[in-house]
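Protein chains: 2
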Amino acid sequence: MRSIYSQVVNGAQALINTLVDGGVDVCFANPGTSEMHFVAALDTVPQMRGVLTLFEGIATGAADGYARIAGKPAAVLLHLGPGLGNGLANLHNARRARVPMVLVVGDHATYHKKYDAPLESDIDALAGSVSGWVHRTDDTADVAADAAEAIARTVASQRISTLILPADTSWTDGAHTDGVSVQQPKPVDVDTEAVESAAAVLRSGEPTVLLIGGGATRGSGLTAAVRIAEATGNRSYCETFPTRLERGAGVPAVERIPYFAEAVVAQLEGTKHLILAGAPSPVSFFAYPGKPSDLVPEGCSVHVLAGPNGAAAALAALADELAPGTTATVAIPSRPELPTGPLTAVSVADVVGALLPEHVIVVDESNTSSVPLTAATAGAPAHDWLTLTGGAIGYGIPAAVGAAVAAPDRPVLCLESDGSAMYTISGLWTQAREKLDVTTVIYNNSAYDILRIELQRVGAGATPGPKALDLLDLSRPTIDFVKIAEGLGVPARRVTAAEDFADALRSAFAEPGPHLIDAIVPSILG
Amino acid sequence: MRSIYSQVVNGAQALINTLVDGGVDVCFANPGTSEMHFVAALDTVPQMRGVLTLFEGIATGAADGYARIAGKPAAVLLHLGPGLGNGLANLHNARRARVPMVLVVGDHATYHKKYDAPLESDIDALAGSVSGWVHRTDDTADVAADAAEAIARTVASQRISTLILPADTSWTDGAHTDGVSVQQPKPVDVDTEAVESAAAVLRSGEPTVLLIGGGATRGSGLTAAVRIAEATGNRSYCETFPTRLERGAGVPAVERIPYFAEAVVAQLEGTKHLILAGAPSPVSFFAYPGKPSDLVPEGCSVHVLAGPNGAAAALAALADELAPGTTATVAIPSRPELPTGPLTAVSVADVVGALLPEHVIVVDESNTSSVPLTAATAGAPAHDWLTLTGGAIGYGIPAAVGAAVAAPDRPVLCLESDGSAMYTISGLWTQAREKLDVTTVIYNNSAYDILRIELQRVGAGATPGPKALDLLDLSRPTIDFVKIAEGLGVPARRVTAAEDFADALRSAFAEPGPHLIDAIVPSILG
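Read top to bottom, the protein sequences are chains C and U. Following my numbering, the numbering of the first sequence begins with 1 at its first residue and continues without gaps. Following my numbering, the numbering of the second sequence begins with 1 at its first residue and continues without gaps.
Mixed in with the good hints there might be a few duds.
Treat identical chains as interchangeable: a pair holds within one or across any two.
Restricting the straight-line Cα-Cα distance to at most 27 Å, the calculated cross-link-like pairs of lysine-lysine (DSS-like) are [unchecked claim]:
no. : residue 1 : residue 2
1   : Lys435    : Lys467
2   : Lys272    : Lys291
3   : Lys272    : Lys113
4   : Lys435    : Lys291
5   : Lys272    : Lys72
6   : Lys186    : Lys291
7   : Lys272    : Lys114
8   : Lys114    : Lys186
9   : Lys435    : Lys186
10  : Lys186    : Lys113
11  : Lys72     : Lys435
12  : Lys186    : Lys72
Keep in mind the hints are simulated off the structure, nothing from the lab.
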């Protein structure tokens, strides 16, 4: 590792230098007093970009979105246990997305912890719940080596590395980066036995489904999955909530497994073999009285081809085994007609499909409104689709921040539900501050619509009472997202007709910087 | 316990009935699918009030504010690990405030957990970090008894009780409340030896400081503390961040220990004995290079009179021992003149002091702007002052929600910093929805001012660089709290002059329902 800083350095300076040398040059931050030396050290390392957020959940969600697009970790700087707590929901999503991330949690000075000062809490317990590796650096001399290990581990495992950094470790001089280097990850070997076994199943003539996920939902993985399906007559599907799905014109198309368990059951009916390539075995998102949790059909065997990290390579090997020399059919260009009339989830989807710019990154947290989007955008120019991998709402606006930081030359479209948007709405301010090219569309139906559906599906609300319905209602008062966005420095516009939405979306895509469109849509329950 | 519900009930219904029978009749909620049976059951128990929040940190902070004013626990309903994660920061504050609270965290159905569905996470680890008692109810038959134990434990210990409720425990029939009753807490006995020992110290003639906290910062505790000080010539102080401090005209006045360590050192200099009555021994909020963490002067002995729960009774016994038959001097009525000219933290304080209504509940998260408030309000009509007990910012707006729900006949004044307000700004929506009589004043100085001070104090920023300063700046773009408040249904007004602020504050107090005043003030750093 090239040492860019050879004079006497404190722990914070050594940490930032090690991060930058290890390729981690963006830090999403919401610091406090115990992180002030980290903040001060930013000026000594010009390569590190600090991005301020107004809430820790923005910082962690941004690091998730960043990693999905950049393909490498960002750092996140958080303030003690409460700061980590505020970031946990989006760390949960990032854990499920299997993205790399280096989390730096400032703590009280080592000698100060015993006094149980007001902000003292069990940081280790919280960090352990979302991290693949948690380490507390109590000696300044170890900072650089620990940071290098944090990077190496998160890159290799695609699980979050958390470094707990006491304030005195940070401020004490005597750190060094000499001889510290970030170990490069070994590529995941293709399991040739698993490939042979999967090939035999796919040749057996028994109905087989190939379920892809993890790193297989992009270029080479998708190509292999479609080649296999076309050569064997079997079906390939993508996991319900992929981390990053490449799709659109020119890209091999692999349909996603639906969200609702009963739809999955219908889709997989009759399947005798399920081959997992980077995806988990399908389970119901929630349990429902009298309905199955395990969605593998009765009598269906499950075979594991590969885990999330090695899935694309394993699929390529399998495709070469089953269909050497073939290519995959790709989606043909096609766009919906621009609709007219009152805005609905369907017309929103058609407008989006009609106007989606090339190479756009779509961050999708549209929840109940998302169903019509799939078909409406299938033939739009090639794009990436990021989804809510862990089910913890409030991921969209932050993930859009991170995606835009990772790809300043690409537009970002964030499709947001009203209820979810309110979890992390202050991310709009960071979009304004960083002049990020993000267009946020709020599906404003003034309800937790998904819960109104779930209230019926769990059998709790055959005849829901007024108190129950009131607790899922967002219309008293209605939320004015135009005012909120403007209050946070993002130009915004409310639309109720499809023509106006198309006009607003076109303008937002044409003008650099963030925009918000408050799209008033009816509840899908009518 | 009176059973108000004798037919066949499911777990959710038994839970809500037990809560209501145990005096817990408000539930701050942000539910999800796994909590839908709890939501549906609300209509079967009219006594339970469900209060919807748009983010879990609002629900937990509201339960804290509620408990501080109602003197009894509220329930909080959260959705799995991520919902609990979002609530953790304000649970941390509530833990430090030592308030009772019954936290109900919905979980996946017992049989569903093994499938590692997307929202699966380690709820127990998170709950353990903030709770005095954590229990998972896997059998519907146990719900009522477990809920009764949750209430009894939190009331007795003033620590949070967390009940993890799997969805099937909630939806299954077969629960009953027969024979279930909530055990009443035993009063904390006064430790007569500790009283004798403290009396001897206070009579010794050596400089002694009595430090009160916990339950001693109200009526009887304050009266006793002042009686003791007046009879012995020693000083009584209140902990830096009391849970609920009664003060104002007619109330015995006990000065708070300051925030900054160097000021505490100056205040306690020469003290030979420190007697703790419900307060912890004074420690620095953060560690600073070369400065002490333990703020007890060298050579000073520390004596514990009582813990937080029994402090008021112990103080009363001590006062009767040292000064039988005496009464305490109380603060005399006095108000500042209404100031004129540009708004500053000082003139804001004077306007607040001049206009504070009787019996107002002040929720103080004004941080760096708070210093002039103490003197300016010392002679205002009697009021309660709630403070940020755990240092996790974002407590003010939610705590104001809870305080207003607990005391619908009292006005609530929430003094908020701009940076802190943005953590939980959506609490304004709940204030609008519930028509709560809360006036929120935003000290809008467009900076994390406390961190600009701390950057200097930790020795990190003798000459802070532009990147460091930029990371503490909230002016790019400036945040327009008027627009944000209006977007959330709360009428709002921006003021830059003291006269306008007085006018806005008078109007807000005069008109029922929530209001926000965006008070533009300069940074205290100039």
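Verification of the supplied hints:
1. Lys435 - Lys467: Close across copies (17 Å), not inside one copy (43 Å); limit 27 Å.
2. Lys272 - Lys291: Within one copy only: 21 Å inside a chain, 70 Å across chains, cut-off 27 Å.
3. Lys272 - Lys113: For Lys272 and Lys113, the Cα distance is within 27 Å only across copies (25 Å; inside one copy 57 Å).
4. Lys435 - Lys291: neither (47 Å within a copy, 41 Å between copies)
5. Lys272 - Lys72: neither (38 Å within a copy, 58 Å between copies)
6. Lys186 - Lys291: neither (42 Å within a copy, 47 Å between copies)
7. Lys272 - Lys114: Cα proximity of Lys272 and Lys114: across copies only (23 Å, versus 59 Å in one copy).
8. Lys114 - Lys186: neither (41 Å within a copy, 31 Å between copies)
9. Lys435 - Lys186: neither (37 Å within a copy, 59 Å between copies)
10. Lys186 - Lys113: Neither, since 39 Å and 33 Å both go past 27 Å.
11. Lys72 - Lys435: within (22 Å within a copy, 47 Å between copies)
12. Lys186 - Lys72: This pair counts as within: shortest intra-copy Cα distance 15 Å, inter-copy 57 Å.
In this structure, the hints that do not hold are numbers 4, 5, 6, 8, 9 and 10, in rising order.
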